[in-house]
Amino acid sequence: MLQKKLLWKLENNNVGILIDKSSRVVCQGITGSAGSFHTKLMIEYGTNIVAGVTPGKKCDTHQKIPLFTSVSEAERNTGANVSIIFVPAVSAKDAVFEAAEAGIELIVCITEGMPVSDLVKIKKYFALLSAETGKITKLIGPNCPGIITPEESKVGIMPGYIHKKGNIGIVSRSGTLTYEAVHQLTNNNLGQSTCIGIGGDQIIGTSFTDVLKLFEEDNDTDLVVLIGEIGGSAEEEAAEFIKDRMAKPVVGFIAGRTAPKEKRMGHAGAIISDNKGTAKDKIDALKDAGVIMVENPANIGKTVLKIV
Amino acid sequence: MKISEYQAKTILSKYGIPVPEGDIACSQDEAVKVFHQIGRKPCVVKAQILTGGRGKSGGIKFAGNEQEVQDVSGQLLGSTIATSQSGRAGMEVRKLLVEEAINIAREIYLAIILDRRSESPMLIISTEGGMEIEEISAKHPEKILKERIEPLFGIHKFQTRRIAQALNIDSAMLSPFSTLLSGLFNAFSENDCLLLEINPLIITENREFCAIDAKINIDDNSLYRHEEIAKWREFEKHEELEAKASEYGFSYISLDGNIGCMVNGAGLAMATMDIIKLYGMTPANFLDVGGNATVEKVKHAFNLILSDPKVKGVLVNIFGGIMKCDIIATGITEAVSNMRIDIPLVVRLEGTNKDLAKKILDDSGLEIISADGMQDAAEKIVMEVRKQ
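Respectively, the protein sequence lines represent chains A and B.
Numbering of the first sequence is given in numbering that gives the first Met the number 0, commencing with residue 0 and proceeding in unit increments.
Numbering of the second sequence is given in numbering that gives the first Met the number 0, commencing with residue 0 and proceeding in unit increments.
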């Protein structure tokens, strides 16, 4: 399935990475309030939602979308290859396992508040699964806004209207701060190839580096905006990759320059502890890698405009 | 969530890890009672505060007899201890751990952390027990040994042998050491720990292991499946507002400045703090109302910001995704209509249902300064607060 899709992409010279018009999306937790609300918005945006999964289904459709009791059943009947998860944290691990087992290629987990040990197990399972089947399963999130390839497909909770088709890739650990950046770009008439919120937890499915690699290879992305925040070392790892392996220009912003130490700033991952993970460390590392750093979060759009 | 030493030791003993005999005391009488319980042996009296560096700041005292137990517990209880890690305000001592003093033959550093980079638990060991790990890594980086633990299998026997060899533990003690390590890993994984540190783990003159001090951090996101541990959460006196926020289910951190902030999303909340600072003022708080806020929650959040006497103006910065702007608007109007606020309120709303939200705010007749974009919002609130 993945190979087929990659070939398809090569032949069709499509815009963006990971998702496009051809993505067939199954929604796990479609009958819950968030799942239901955002399924409606995704359909309005043009996303090809082919199935919904709800374990104890009482009817055959929800918002005219066929319902199934399991992801494998949905996959068999509809050819779904992308999943979006809205189930509560208590059952999110099981939902991710189920999607991966059913052969879904890209799993977008919106759920916030998942224990980090669940992610340790999920990533272990993914590694075993790919060793066994030879297929790669990608997870975006958890605790993330999802992914959008403007005017193609939206698999997430971001407000669609702020996006515009174009050639700037965005990758971010934050949700709403990503919307802020996108909004500024669009206001400056700068469209986006694909925007991905990778999530604010300590262990996540897809890293900055994974996404940067895809953007670097993507013909339709000319420049990348990277939005990081305090805590962990994901930005430093991204800086290493940018320095050694990236030719495309990168504009960066790090949130939390004024954050106090030893306090968890909302996201599980956003904490400066033992003097590690400070905004300064990250800004220095990214600058050293040639990234153009923005100081004022209101100037992300303007800065990109100056470069392109 | 950090838990106290005595709570960490309660967990450790459940997993068969030897800890000194002792108990918790909240008064001098109770301290003396524990002293009798443990057979009137010389003991150590340890302040139970959620920070490291206690020993150097006078938070751990030796007591040889009943009178000394009475005296040192009197000195410690109710005192405020500021350590190198606690911040200037320090922490009030409300509980003591009274436990038998143990003769130390050797001290070892032992910890398991959840390592972000390898995405698995990591065992960290050093022969330099008793020192803080930051100090060991600065002074003797060569004396720190790391072993990645395979989450599906736990600590392998060969890893135990490798560690024992590095620590110079003789073969006669290999079996109890192996039991100790597997107990440690089980305690770590079954309780969703992010950090489990025993420093020092000692070897007594009788060649037995004993965990003298223990520190555990539990993953907040996992507390739903550890109800007993969740009940242990305690807040310091100056964290009253944090405690309230935690009760209502949003994330709040009190800061030094005077611009109250209500934002959705941690990243945007931090960026909002940063931009206020760029315009020359300081935020009074970090507040992330989260993605699934209800009108009730928004009201609570708003009241919480206003209950901080430092606050001279409020900036609301919302970019709705999963959060609908109209819910924020309704929450704000309901919170504000019940009281007269005489400080400026700047509101910036963008995203899902923003038009509906604007209508709610306009119809409310409240004195709200609306802003278009983040820069405009920051400029307006700073200007309004300066005017006062």
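Incorrect hints may appear among the rest.
As the list claims (entries may be wrong) - Using 27 Å as the maximum straight-line C-alpha spacing, the simulated DSSO-like pairs for lysine-lysine come out as follows:
no., chain 1, residue 1, chain 2, residue 2
1, B, K13, B, K156
2, B, K32, B, K13
3, B, K353, A, K301
4, A, K260, B, K214
5, B, K13, A, K260
6, B, K230, B, K276
7, A, K260, A, K275
8, A, K286, B, K311
9, B, K156, B, K138
10, A, K262, B, K353
11, B, K214, B, K1
12, B, K32, A, K260
13, B, K309, A, K262
14, A, K212, A, K305
15, B, K353, A, K260
16, A, K305, B, K276
17, A, K20, A, K57
18, B, K214, B, K156
19, A, K260, A, K301
20, A, K301, A, K247
21, B, K214, A, K120
22, B, K145, A, K120
No lab work stands behind these hints: they were computed from the structure.
Which of the numbered hints above does this structure break? Of the numbered hints given earlier, those the structure breaks are 5, 6, 8, 9, 10, 12, 15, 17 and 19, listed in rising order.
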